Structures are given as structure tokens and as C-alpha cells.
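A.B. asks: Listed in order, the protein sequences are those of chains A and B. When we follow my numbering, the leftmost residue of the first sequence carries the number 1, and every step to the right adds one. When we follow my numbering, the leftmost residue of the second sequence carries the number 1, and every step to the right adds one.
Hints are computed from structural coordinates only; laboratory data are not their basis. Hints are supplied without guarantee of correctness; some may be wrong.
Stated by the list, open to error - Pair ranges (Cβ atoms, derived):
1. B/L27 x A/E93: 36 to 42 Å
2. B/G256 x A/G59: 27 to 33 Å
3. B/G337 x A/M86: 20 to 26 Å
4. B/H479 x A/G53: 21 to 27 Å
5. B/T500 x A/Y14: 20 to 26 Å
As the structure is a prediction and not an experimental result, all values here were calculated from the model. Cβ coordinates follow ideal geometry from the N, Cα and C atoms, glycine included.
Read off the chains here:
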Amino acid sequence: MAQHDHGKHGGTSYWLDRKGNVAKVFYALIAVDVLWLAADFFYKKKAEFDAWGGWADGGFGFYPVYGFVGAFLLVLAAKQMRRVLMRSEDYYERRRDGGAS
Amino acid sequence: MAELLLSPPLLLMLGSVVLAAAPRNVLPRTVLRALLLALPVYSLWRFWGLDLGDYAQFELFGQTLTLVRIDPLSRIFVVIFHLAALIGSIYSFYVKDNFQPLVGVFYAGSALGVVLAGDLWTLFLFWEVAAVSSALLVWVRRSGRAAGAGLRYLGMQMVSGVLLLAGIVLLRHEVGAAPGWAEFRNLTGFLEDGGLGFSNLAATLIFLAFGLKAAFPLLHSWLIDAYPESTPAGAVFLSAFTTKFAIYALARAFPGQSELIWIGALMTAFPIFFAVIENDLRRVLAYSMTNQLGFMVVGIGIGTELAINGAVAHAFADILFKGLLFMAMGAVLYRVGHVNGSDLGGLYKSMPITTGLCIVGAASISAFPLFSAFATKSLIMSAAVYKEYFWLWLVLLFASAGVFHHAGIKIPFFAFFHHDSGIRCKEAPRSMIVAMVLAAAASMAIGLFPLAEMWFGVANPFYELLPYPVDYAVYTKTHVITQSQLLFFSALAFATLMRTGLYPPELRSVNLDADWLYRRVGLRIWDGVATAFVALHRTGYAAAGRLAAAALETAQRHLGPQGFLGRSWLTASMALWVAVLLAAYLVVFYWRLA
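Based on the provided sequences and hints, a complete structural model is requested.
C.D. replies: If you want it as C-alpha cells, here you go:
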């Protein structure tokens with residue numbers, strides 16, 4: 001079973017534990033994204049939809065913009081949903097508020 | 001008889017019952033387990049030797065029932081259900097008790113019964129057996145929460161069964177006893193042949209029965225409620241069968257039903273919002289399952305050969321990668337005792353193999369090139385494009401970015417990476433790892449087959465299993481680049497939100513969903529009705545008591561020993577009264593004559 005010990009763990013050091021390395025991963029991701037975006041310069045897409053002047057599936061940078069904005073707004077919207085939907089963990093275990101039962 | 005008993009559904013169901021009944025001293029655990037694994041293997045091997053057509057027919061109450069009808073649509077589901085039974089059984093060997101794999105294989109048998117049923121009666125029979133046997137897999141957790149969730153789960157499954165039965169009976173009533181009326185086939189077409197449209201009540205009831213098990217919006221909460229309350233192995237079995245045979249039933253009976261397009265689109269989109277804020281990582285997977293089912297429902301709604309192929313292929317792939325993700329989270333649950341995102345993190349140090357296999361599952365569900373969903377979901381996306389459903393396509397694209405976000409990143413990130421929670425545990429047990437490796441290998445194979453076909457001209461065995469011939473290139477330049485762009489920029493959004501602190505922290509909490517309607521509002525209404533009934537009963541009881549007491553008192557007063565009617569009378573007074581009566585009679589008689 002699991003052991004919980006909050007402190008140094010037997011001296012084993014992991015690459016991701018070191019400060020700065022997480023930032024390296026982030027910058028690497030940015031670099032990869034720039035490369036994927038640049039890929040749009042090197043080939044021609046055929047637009048299937050006329051909507052939005054053919055930008056949707058034929059234009060430069062549509063998928064990167066849609067992926068980034070979509071995921072960003074998804075999280076922000078979900079965060080706001082918590083105001084309405086979030087309850088304590090034992091919400092359904094307490095059958096009646098105030099424990100009148 | 002042998003054909004009947006050795007048909008895939010009965011072989012698995014009866015086989016697991018016989019193994020469960022065998023005494024322990026006759027059948028040691030290892031032998032039992034070997035026989036249990038041999039069941040799906042032998043059944044699939046036997047099935048493989050059969051041609052398309054009807055088998056195992058029998059007469060019951062003047063109806064010819066078809067236990068096994070093999071056509072290209074049922075065939076692929078039979079294959080994946082056998083694989084799922086095998087992988088799930090191996091996985092569940094981490095506990096000494098064989099109850100879970102035995103029930104799991106039985107449940108797999110009933111699911112095979114659903115997809116092989118040649119008529120509606122057989123379909124209904126297995127529909128119900130699957131409901132009951134799967135509820136056992138929720139209850140096997142043996143916790144208070146699981147007991148409640150299992151009961152609610154069984155209740156909803158029974159509602160589906162009642163809707164299905166009502167639909168079948170109405171169908172029989174409306175179309176008469178024409179030969180073959182009970183055949184399980186395209187119901188919209190069948191009803192339209194009889195001059196009845198989709199507005200027809202029978203078809204609507206059957207549609208809802210299928211929809212409930214396919215987790216249509218607002219009918220979906222049993223899945224979110226029950227699956228995460230099961231054991232590690234229970235959830236793996238549960239994730240494979242019920243929802244997928246519902247997808248099969250929809251594909252068989254309602255292909256091209258346009259309502260399904262928007263129902264499916266809604267299913268792809270709304271669960272991802274819930275998944276972002278959900279703390280229980282297996283519940284995140286349950287939301288993710290609703291989202292993936294949405295893609296399949298959309299494919300069935302579009303109804304072209306490409307779209308149906310996509311829906312069925314995606315169901316096949318989903319059983320593997322969703323099973324893999326449930327297995328990985330199950331391993332965490334087994335080792336750590338919970339799967340709360342708020343309390344996990346850094347587990348890659350303790351469970352590196354599970355981490356790696358979970359990432360394969362995450363890449364597969366996210367439809368990364370080289371992984372399974374890339375070779376299956378693309379068919380549905382392209383079908384939407386070819387039919388020029390622009391807004392639908394935008395919704396599906398958003399849902400694709402969203403699924404990567406919550407299942408592709410959130411699951412592995414919060415469980416295995418993020419900050420180090422300090423939890424140190426053992427790697428997953430061997431049986432779990434073997435099962436996860438099998439699912440991961442199959443997921444990768446589905447993703448790699450089209451590439452092998454393109455480069456080496458090797459036939460794609462997976463696409464050959466699909467109901468319609470496949471003429472579709474998965475690995476085009478446009479497709480690989482656009483999908484990678486969508487996913488990598490979605491990852492960038494996640495990373496940016498994390499680094500800026502905008503990402504909502506994982507919190508120990510419950511989020512209200514549609515089940516709130518019956519777990520809270522419904523319960524309140526029930527409480528209100530019950531209180532009113534008790535009050536009414538009390539008032540009525542008191543009033544009746546007072547009435548009875550009053551009646552008793554009156555009776556006592558008049559009939560009691562001292563009462564006017566109860567006391568003894570003198571004979572003389574009786575004679576006097578008789579004389580008075582006679583005199584009165586004479587007076588009346590005289591008056592009448594005059």
C-alpha cells in the first residue's frame with residue numbers, strides 16, 4: 001500500500017524535480033508549436049467549406065488558433081461553472097440539509 | 001442443441017456459471033483461471049469459423065427466435081467483445097477472489113447476446129441479463145456509495161428495459177403478426193414500409209431505450225454516477241459493453257436518423273466542461289466516455305457508409321483505449337486507495353510502467369497520428385465534412401481539442417506528474433500490466449495498420465472487419481498536420497493556463513449533474529409526498545378514531561345496561577303498547593274509509 005512521506009525521498013533525484021526543467025518543457029512545447037504553425041507555409045490545403053471565406057479548413061493557422069482558443073475558453077468556462085455546480089464532497093451523503101433526519 | 005450451447009453468448013454465460021459452481025478442491029484457482037481465459041478464446045475461435053448467416057434458431061411460443069445472426073455489423077462487435085472479456089479477465093487477476101472475472105465473462109456473454117440477436121425478443125432478453133449482471137460489478141466494491149450507485153444504476157437500466165419491452169409490444173400491436181415482424185433490423189425503414197414514420201410511438205420508445213444505454217444527454221448520469229464507484233476491474237468490464245452494444249443497436253436500427261446528429265454533437269461537447277472541473281479521475285474518464293459515445297452517435301446520425309464505418313470503428317477503438325485508461329486509473333486506485341486529482345501527483349516515480357501505458361491510452365483517445373482514434377474518429381469527421389455540416393464539424397473539432405485537454409493531458413498529468421504528492425507505492429501488479437500492455441498494443445496496431453497499408457501494401461485487417469468497404473486515406477499530409485496543430489496548440493493552452501495560474505485547481509468536491517434531478521430534487525419531492533401522506537394518514541386515523549369512539553359511546557348509551565333500548569321491560573307495558581298500536585290502526589282504517 002501507499003506510503004506517504006512528505007520530505008526528501010531516498011535521495012533519488014528526477015529530472016523534472018529540478019527547478020527550471022519544467023520551464024524547459026514549456027519552451028520546447030512552444031518551439032514545437034511554432035514548427036507546426038510554420039508547416040502551413042509549405043503545403044496547400046483544399047477548403048471544403050465556403051463558410052468564413054474558406055479560412056475554416058483551408059486558410060493559414062485556422063487549426064492552431066481554433067485549438068488554442070477552444071481549449072483556453074473551455075477551461076475558463078468550466079471554471080465559472082464551478083460557482084453554480086460545485087458542492088462539498090459528501091453532498092449526496094447528507095440526505096437533508098441541516099441533518100434533520 | 002450443441003449449436004445453441006456453443007453459441008458465443010451461451011458459451012460464455014453457461015461456462016462462467018459452471019466454473020463458479022465448481023467446488024474449490026476440484027478446481028484449483030490457477031486451473032479455473034486458465035479455463036476462464038480459454039472461454040473467450042475458444043468462443044472467438046469457433047465464431048471465426050462461421051460464415052455470415054443465421055445460427056442457433058429455436059421455437060418458443062410459436063415464434064422462431066434467432067440467437068445468432070452474423071452480418072458485417074454484428075461481426076466486428078463480437079470480435080471486440082471477446083477481446084474485452086479476455087483483457088478484463090486478465091486484469092482482474094490482481095485479487096485472489098475470482099468473482100469479478102466470472103461475473104465479467106458472464107456479462108460479456110450477455111453483451112454478445114445483444115449484438116448477435118436476430119430478433120427483438122432475444123435482444124430484450126439479453127438486454128435485461130446484461131443490466132442485472134453489470135449491476136453486480138458495481139456492487140462488488142462493497143462500499144455504501146457503491147451500493148447506492150449500483151441501485152440507481154440498475155433502476156435506470158430497468159427503465160431502458162421497460163421502454164424497450166413497451167416498444168416491442170406496441171410494434172407487435174401496430175404491424176400485426178406479419179412473419180418476421182420481430183426481426184431486429186432497421187426499424188425506421190421497417191416502420192416506414194408499414195406506412196409509419198419516426199413519430200410512431202413504438203419506434204420512439206425503442207429509440208429512447210437504446211438512447212438511455214448510449215448515455216444520451218440528460219439520460220447519461222447513471223454512467224457518471226456508477227462506473228467510478230466500481231472496483232478497478234469492475235469499471236474495466238463496465239466500460240466495455242453496455243454503452244457499446246447500445247451504439248450497435250442504434251447503428252442497426254436507426255442509421256441516418258438525423259436527430260442523432262445533434263444529440264451526438266451535444267454529447268461530444270457538454271461532458272468536456274464537466275471533465276475539466278471533476279476531481280475523481282475515473283469520473284473524468286466517465287465524462288470522457290460520454291464524449292466519445294457522442295462521436296459514434298454523430299456517425300450513426302450521418303448514416304453514410306463512411307460515417308457508419310467510423311462509428312463502429314471508433315466503438316472498437318474506444319473499448320481498447322478507454323479500457324486502458326480505466327485500467328491505468330484502476331491500478332492507481334488499487335495502489336494508492338483513491339484517484340482524486342487533488343491528492344495525487346508524481347506517481348511516475350513509483351509507477352513508471354503504468355505511466356507509460358497510460359500515456360499510450362491518452363495519445364490514443366486524443367487521436368494523435370500513429371494512435372488508434374486517429375484511424376477511427378477521422379472517418380466520422382470526414383463524413384461530416386463530405387456532407388457539408390459546417391457547424392457540426394466545428395463542434396466536433398472543439399470536442400476533439402477538449403478530449404485531448406481532459407483525457408489526454410489532465411488524466412496522466414494530475415495522476416503521474418504535476419507536483420510530487422509524496423506518495424510512494426509499488427508498481428501495478430503483473431496481471432494489470434499484462435492486460436494494459438495488450439490494450440496498448442491493440443490501440444497502437446489500429447493506428448499503425450493504415451500506415452503499413454500505405455507504405456508496404458499490407459492489407460489492413462482492422463478496416464476489413466468494418467461493415468462496409470473502406471476507401472479512405474487516413475495518413476494524408478493535410479490530415480496529419482492539421483490534427484497535430486489542433487492538439488499541440490490545445491496542449492499549449494493547457495501549459496499556458498497552468499503557468500499563469502489560471503487553470504482551476506483540483507478540488508475535493510462533487511459537481512451537480514443530471515442525476516441531481518433524482519438524487520436531490522426527486523428525493524425532496526418524494527420526501528414531500530411521503531410527509532404529506534403520513535400527515536394525511538395521521539389526521540385521517542385520528543378523525544376515524546374520534547368517530548368510532550363517538551359511535552361506541554352512543555351505542556353504549558342506548559344499548560348499554562342503563563340504556564333506553566337495552567333495559568328490560570314489563571309484560572304489562574308491552575300489552576299496553578300493543579293495545580295502543582291496534583287503536584291507532586283502527587283510527588287510520590276508519591279515516592281511510594271515510
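A.B. asks: Hint by hint, note whether the structure agrees.
C.D. replies: Against the structure, the hints:
Between B/L27 and A/E93, the C-beta spacing of about 41 Å keeps the proposed range 36 to 42 Å intact. Take B/G256 and A/G59: their Cβ atoms lie about 32 Å apart, and the range 27 to 33 Å holds. As the Cβ distance of B/G337 to A/M86 is approximately 24 Å, the hint placing it in 20 to 26 Å holds. Roughly 22 Å separates the CB atoms of B/H479 and A/G53, a value that falls within the hinted 21 to 27 Å.
Restraint check, B/T500 to A/Y14: a C-beta distance of roughly 25 Å satisfies the suggested window 20 to 26 Å.
Checked against the numbered hints given earlier, this structure breaks none of them.
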